[in-house]
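Please model the entire structure based on the sequences and the hints provided.
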Amino acid sequence: MPFKSKAQRRKFAQLLVEGKITDDQYEEWNRSTGKKVLPERLHPKASAKKASTRKTSAKKSTSK
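Here the sequence shown is numbered in the working numbering, starting from 13 and rising by one per residue.
Please note that a few of the clues may not be correct.
[What the hints assert, rightly or not] Below are the DSBU-like pairs computed for lysine-lysine, each with C-alpha atoms no more than 35 Å apart in a straight line:
| id | residue 1 | residue 2 |
| --- | --- | --- |
| 1 | K23 | K48 |
| 2 | K23 | K57 |
| 3 | K32 | K16 |
No lab work stands behind these hints, which were simulated from the structure alone.
See the structure below:
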């Protein structure tokens with residue numbers, strides 16, 4: 013099974029260092045991923061811009 017993101021690859025490397033997975037398991041995933049360019053995260057967190065724009069538009073309507 014290939015890695016889906018850079019974050020997942022880092023997590024598996026951490027598990028390897030901690031001894032929770034074997035070297036062979038990590039290498040199998042790494043080989044199956046190949047030289048693909050991976051995204052930083054598969055599902056990025058929502059940005060804070062949306063929350064701040066709602067607050068500003070609410071302030072504008074109350075000041076009129």
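Hint check results:
1. K23 - K48: 18 Å, holds
2. K23 - K57: 18 Å, holds
3. K32 - K16: Distance of about 20 Å is within 35 Å: holds.
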